[in-house]
Structures are given as structure tokens and as C-alpha cells.
Amino acid sequence: MILTPQTFDQIFPIAKLWLLGFVPAGAQPLASAILSVVPVLIAFPLLFAITTWLERKGLGRMQNRLGPNRTGPFGLLQPIADAVKSLTKEDIVPITADHVVHFLAPLVLVAAAFLAYAVLPIGRNMVIVNMNAGVLFFFAIGSTVELSVFMAGWSSRSKYSLLGAMRAVAQMISYEIPMVLATIVIIMQAGSLSTVSIVDKQAGYTGIFPHWYVFTPWGIVGFALFMIAATAESNRSPFDLPEGESEIIAGYYIEYSGFKFALFFLGEYLGMFATSGLAITLFLGGWSAPFSFLAWIPSYVWFFAKLLVLIAAFIWIRGTLPRLRMDQLMNLAWQYVLPMALINMLVAGIWHFMPTGPARWLVCTALLAAPCILLSLALKRKQRFQVRTYRFAE
Amino acid sequence: MVGEGILKGLAETARNFFGSYVSKERLTTLQYPEERLPQIEAARSFPFLVFDGSDWHQGMRCVACQICEKECPPKCILIKKSADKKPDAVGKPQFYPAVFAIDISVCMSCQICVEVCPFDAIKMDVDYDLPTDDRFGGLLFDKHRLAKSNQYYHQIHPTEAAAVDAALAEARTKVEAKAKVAAEARAAAEAKPAPAPQAQPADGESR
Numbered sequence: 001m002i003l004t005p006q007t008f009d010q011i012f013p014i015a016k017l018w019l020l021g022f023v024p025a026g027a028q029p030l031a032s033a034i035l036s037v038v039p040v041l042i043a044f045p046l047l048f049a050i051t052t053w054l055e056r057k058g059l060g061r062m063q064n065r066l067g068p069n070r071t072g073p074f075g076l077l078q079p080i081a082d083a084v085k086s087l088t089k090e091d092i093v094p095i096t097a098d099h100v101v102h103f104l105a106p107l108v109l110v111a112a113a114f115l116a117y118a119v120l121p122i123g124r125n126m127v128i129v130n131m132n133a134g135v136l137f138f139f140a141i142g143s144t145v146e147l148s149v150f151m152a153g154w155s156s157r158s159k160y161s162l163l164g165a166m167r168a169v170a171q172m173i174s175y176e177i178p179m180v181l182a183t184i185v186i187i188m189q190a191g192s193l194s195t196v197s198i199v200d201k202q203a204g205y206t207g208i209f210p211h212w213y214v215f216t217p218w219g220i221v222g223f224a225l226f227m228i229a230a231t232a233e234s235n236r237s238p239f240d241l242p243e244g245e246s247e248i249i250a251g252y253y254i255e256y257s258g259f260k261f262a263l264f265f266l267g268e269y270l271g272m273f274a275t276s277g278l279a280i281t282l283f284l285g286g287w288s289a290p291f292s293f294l295a296w297i298p299s300y301v302w303f304f305a306k307l308l309v310l311i312a313a314f315i316w317i318r319g320t321l322p323r324l325r326m327d328q329l330m331n332l333a334w335q336y337v338l339p340m341a342l343i344n345m346l347v348a349g350i351w352h353f354m355p356t357g358p359a360r361w362l363v364c365t366a367l368l369a370a371p372c373i374l375l376s377l378a379l380k381r382k383q384r385f386q387v388r389t390y391r392f393a394e
Numbered sequence: 395m396v397g398e399g400i401l402k403g404l405a406e407t408a409r410n411f412f413g414s415y416v417s418k419e420r421l422t423t424l425q426y427p428e429e430r431l432p433q434i435e436a437a438r439s440f441p442f443l444v445f446d447g448s449d450w451h452q453g454m455r456c457v458a459c460q461i462c463e464k465e466c467p468p469k470c471i472l473i474k475k476s477a478d479k480k481p482d483a484v485g486k487p488q489f490y491p492a493v494f495a496i497d498i499s500v501c502m503s504c505q506i507c508v509e510v511c512p513f514d515a516i517k518m519d520v521d522y523d524l525p526t527d528d529r530f531g532g533l534l535f536d537k538h539r540l541a542k543s544n545q546y547y548h549q550i551h552p553t554e555a556a557a558v559d560a561a562l563a564e565a566r567t568k569v570e571a572k573a574k575v576a577a578e579a580r581a582a583a584e585a586k587p588a589p590a591p592q593a594q595p596a597d598g599e600s601r
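Chains X and Z, in that order, are what the protein sequence lines are. All residue numbers for the first sequence refer to our numbering, where the first residue is 1 and numbers rise by one. All residue numbers for the second sequence refer to our numbering, where the first residue is 395 and numbers rise by one.
Possibly wrong hints are sitting among the right ones.
[Unchecked claim] Reference listing, derived: stretches of chain Z covered by chain X, where coverage requires no fewer than 3 residues with Cβ under 8 Å from a Cβ of chain X:
| no. | segment |
| --- | --- |
| 1 | 400-411 |
| 2 | 474-483 |
[Said to hold, decoys possible] Far from chain Z by the CB rule (all over 12 Å, computed), these chain X residues:
| no. | residue |
| --- | --- |
| 3 | Leu-77 |
| 4 | Asn-130 |
| 5 | Val-301 |
[To be verified] Per label pair, the in silico range of CB-to-CB distance:
| no. | chain 1 | residue 1 | chain 2 | residue 2 | range |
| --- | --- | --- | --- | --- | --- |
| 6 | Z | Leu-401 | X | Ala-370 | 14 to 24 Å |
| 7 | X | Asp-91 | Z | Gln-460 | 51 to 61 Å |
| 8 | Z | Ser-439 | X | Asp-91 | 37 to 47 Å |
| 9 | X | Ile-80 | Z | Val-493 | 48 to 58 Å |
| 10 | X | Leu-77 | Z | Ser-439 | 32 to 42 Å |
| 11 | X | Gln-335 | Z | Ala-405 | 54 to 64 Å |
| 12 | Z | Asp-523 | X | Leu-66 | 17 to 27 Å |
| 13 | X | Leu-54 | Z | Lys-418 | 18 to 28 Å |
| 14 | X | Ile-80 | Z | Ser-439 | 32 to 42 Å |
| 15 | Z | Asp-478 | X | Leu-66 | 53 to 63 Å |
The hints are simulated quantities; they were obtained by calculation from the structure and are not laboratory data. Here the structure is a predicted model, which is why all the values come from computation and not from measurement. We put the beta carbon where it would ideally sit given N, CA and C, even for glycine.
This is chain X alone, in the form it adopts within the complex (with noise of 0.2 Å):
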């Protein structure tokens, strides 16, 4: 076999077709499913505890302190240390807890967030099941998150879980809204709902540089407000009213303990990942790389790079933002990223349908940036509170 840079490449499809040859040919749908999935089932879990540890280093290092340094070097055996300790805690139900649903939760939760990989194209050739409908399939697995964390916040029996519950589920309703929105322009301009053909279609190049969908005036404001909603939908800071650590303590999985806790952390992350590869495939030409020159370099390490950059931008923001207030976290996604997101539709039809050169830049930028000042302007507005009176208090 002669190692070319597209063997490199095919090394995962060419190593399963191999393995397939191994098995008789009635068990080979089943076996083809497997060694799709079983990579999946361990690159984005160890992906996962790569992150905790990049996350604690980095928020540290945003705050002047070391993070973790004590557990091998540098920290990095971190992960294994906290798996360790979360496997061997005991696991607490409250006696008043619906004992079903409260284990059923957090599995709910890590099984719709593995769902969600079912349709990310994590290098050429490599996505587990090419769907026709395939961000369809993605926000409708997305949106069981919500049954799942309802599910936990219901079934503790606690007060402040079912405050948790109801902050997260409003919160994620609420932002599902704008990030299916936002999305919208991308199958308008690629014309399918197929991951796969999304990214083929942001796979050419003009001169060095690619035709991601990002690098259009609609691209990027579509971007910007996924990248919104996305945090808003994995519950991080500053959207992580729900978790709220210093007001209802854990929100939705404060009465999880062990490994079940571990389960519910994961699912967040899985979510996350999950979210960031679809805004790499939708926005950011999933694995194709950035410049033509650099495409010897296999495609799923252009995809996990980008992933690990915007994994870091997520640790960055969550440095940076204190946590929005509800009024503020609702003003947000209606006033502002679902007007945007509807303007932004309506600007991807224009753009598609004017001819090419600068003048189609202009009209656009100048159509999305108007919009963008004036509601950020509505929302920066002072808001008047009145005096709340009591009906029936006196």
C-alpha cells in the first residue's frame, strides 16, 4: 500500500473495510454499525476529559491561579483522579425522589447527546449515517436534552432542582428557537438538509482560500448567533442560570451524586461538542481546511482542530461573562437573536439572489449591520421598573 496523504486520510474507512472483510456477510450491517460508533463512543468521551482539564488550567490561568498541578504532570492525570473519585462516591437518591425517572435522567441525557454524533461528518467519509435530513435529525435529538434535565429537575423532589428544571427548560425553549433559525440560511444557500452535502459544498476553494459559509456577511451573523444560542443551549456561563452555583446551588442535578453526577457532566459536554461540530460542519466548513494548501493534512484533524478552538473560545467566554439575569437572558433571545436571526434570513435570500461582486457585500453588510446597532441599542436601552404593588398582600 503506498501512504499517500489520501490513505492518511481514509485510514479510518479503508481500516473498517478491512475489518469488515473478517465478518460473514450476514452480520455485517451490524458490524459496519459497530466500528462506526465504538470510535465515536471514545473519542468524544476522551475528548471530554481532555477538556475538563484544558477548562480548569485555563479559567486558572484566566484568574492568575495554576489550576490543577498535582496529579501527574502538569495536571493532565486530573481526569482520571476526578473519574476515580466520582466512581467511588456514593450515590444518594432522596427517599421522596421518583426513583425511576431520577435514574433514568441522566442515561436519557448521554444517549441524546451521543444521538446527536449519529450525523456529524467528523472527516471525509466519516460520518456514522448520512441522513437526507440529517440537522433536522441533530435538532430533534437536541431538543430531548430538555425531557432529560425536566426529568431530573422533576423526580429529585427538591425545590431548588425543579427551579433549576424550569430555568433550564425555559432558557433552552427559548434559544432553540433562534439557533434552528440561524441555521436556516445555510440549507437555503447549500439547498440540503444533508450534513455531508453541506460540507461538500464549502469544500472548493477559490485561490487559497475556502468558500466557508462564515466568510459571507449572512455567514458570520448567522454564525455569531448560533454560537449564542449554542452556549444558551449547553447551559455554559454566561447563559448558566440553571446551574447557578451561587444562587440555587447545582439547578436541575443538585440532588446527583457519584457517578450518576459524572453521567450528567458528560451529557453537558457531549451536548457542547455536539453543538460546536454542527456550527464547524454548518459555518465552518466542517472538515475541510482552511486553506488549500494545508488539505494534505487529514480532514479529521482539521475537524478536531476546530473543535479545540472553539471549545477554547467557549473557556474564554466563560472567563470573561458574569452570568445574565433572567430578564435579561429572555430580552436577549427574543429581542435581539431572533429578530437578528429572522433579518438574517431574509438577507441570505437577497444575497442569493443579486449578482456577484462587491455591490452584493455592501448591501448586505449594510442590511445586517443597521438591524444589529438598533437592536442592541433597544436592548442597552434603560428599563423602567415600577413599583410593584400587591393586590391582595394588604
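Got chain X; can you put chain Z on it based on the hints?
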């Protein structure tokens, strides 16, 4: 400009992130077991018993007066008086503690025992590194464990220890002078044909 605050904040955290790798003085973390801050002189943790000289038992200043035991708010001190006597720091024969124990799991480091001690025998230590895997026996300090030399006291609280030493030296000279006077009086009385039978040595219990 909209979003200016967010950008400023991001720049600040980025400056901190990279700055912490460049300049060491940004990092305020102390790698505790390996490096420690220098102790300040007024620091205190738990009481200890001062002894003079090299023999911890012979030189112990405590005379088992039990004032500290009575004053201790959480009642963490246990003292049992000895039957016999030995000379104290200033040279007078005194009782000494047969048992002196402090339960540092109960002690609240209030320093009241130190304030009330008339013999400068109990002082506050600065040692805080006292972990043990036996939370009952390991935290109950007996007489031997509590006894620490006057040199050690000078090391941890130099100013205070110097003042105490000066006071003790003064007391010692006073006692010696008194003893001398008494000895002279006795000698004079012995020289006379009819000695007074009630002539007592000055080294009584009172102080």
C-alpha cells in the same frame, strides 16, 4: 459601541492568561506544602509549655496553679498537681504538673490561658502543621509533647520572649537578694547567743 464591554473583558482575561505564563508575580498561588509564607510574629495556633535549660521536665516553668485550667473557655486543659515540689523558674520550690494535657481539637486558640498565667509558663505556638490520622489520641497533647524550650520561644516570638526573660531575671535577682538577706540574718542570729526560733527562710510559697 455595542459589545465594546465584552471585547474589553475578553482582552483582560486574555492578558491575564498569557501574562500568568510570562510574569511570575502575577501568580498569587503559594505551592503550600513545598513553599510557605514566613510566619508573622504575632501569629498563634495552640498553647505550649515553656521550659528553661535543656531538661524539659526539670526546667518546666509551670507550677500547676491550675488558673489556666479554670479560665479555659472550652475546658480543653487538664492539670493534675504533683505531690512533691521542685524549684521553678525563679528558684523557689513549687509544685509541678504531674499531668498536663491539652486537647487541641477542642482548643479555640483564644490565648486566655496565656493572659492569665502568672508564671509565663504557657505561651502560644505558631505551628499549624499538625495533621494526624488519629483524631482522638493524636490531637490530645500530653506534657512532653507540649513542652518546648525557651530558645524555641525566642525563635517564634522574639520580642515577647525577651520581655518575659527580663521580667524573670528581675524576679530571680529579687529572690536571690531576699535569700541573701535571710541568710545574712540567719548567720547574724546564729552568731548571737540566743537565736530567734521563728526565723524563717524567705523561700516561701507566696509570690
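Structure-based check of all given hints:
{"no.": "1", "hint": "400-411", "in the structure": "holds (count 8)"}
{"no.": "2", "hint": "474-483", "in the structure": "violated (count 0)"}
{"no.": "3", "hint": "Leu-77", "in the structure": "18 Å, holds"}
{"no.": "4", "hint": "Asn-130", "in the structure": "38 Å, holds"}
{"no.": "5", "hint": "Val-301", "in the structure": "25 Å, holds"}
{"no.": "6", "hint": "Z:Leu-401 with X:Ala-370: 14 to 24 Å", "in the structure": "21 Å, holds"}
{"no.": "7", "hint": "X:Asp-91 with Z:Gln-460: 51 to 61 Å", "in the structure": "52 Å, holds"}
{"no.": "8", "hint": "Z:Ser-439 with X:Asp-91: 37 to 47 Å", "in the structure": "39 Å, holds"}
{"no.": "9", "hint": "X:Ile-80 with Z:Val-493: 48 to 58 Å", "in the structure": "49 Å, holds"}
{"no.": "10", "hint": "X:Leu-77 with Z:Ser-439: 32 to 42 Å", "in the structure": "34 Å, holds"}
{"no.": "11", "hint": "X:Gln-335 with Z:Ala-405: 54 to 64 Å", "in the structure": "27 Å, violated"}
{"no.": "12", "hint": "Z:Asp-523 with X:Leu-66: 17 to 27 Å", "in the structure": "21 Å, holds"}
{"no.": "13", "hint": "X:Leu-54 with Z:Lys-418: 18 to 28 Å", "in the structure": "22 Å, holds"}
{"no.": "14", "hint": "X:Ile-80 with Z:Ser-439: 32 to 42 Å", "in the structure": "36 Å, holds"}
{"no.": "15", "hint": "Z:Asp-478 with X:Leu-66: 53 to 63 Å", "in the structure": "58 Å, holds"}
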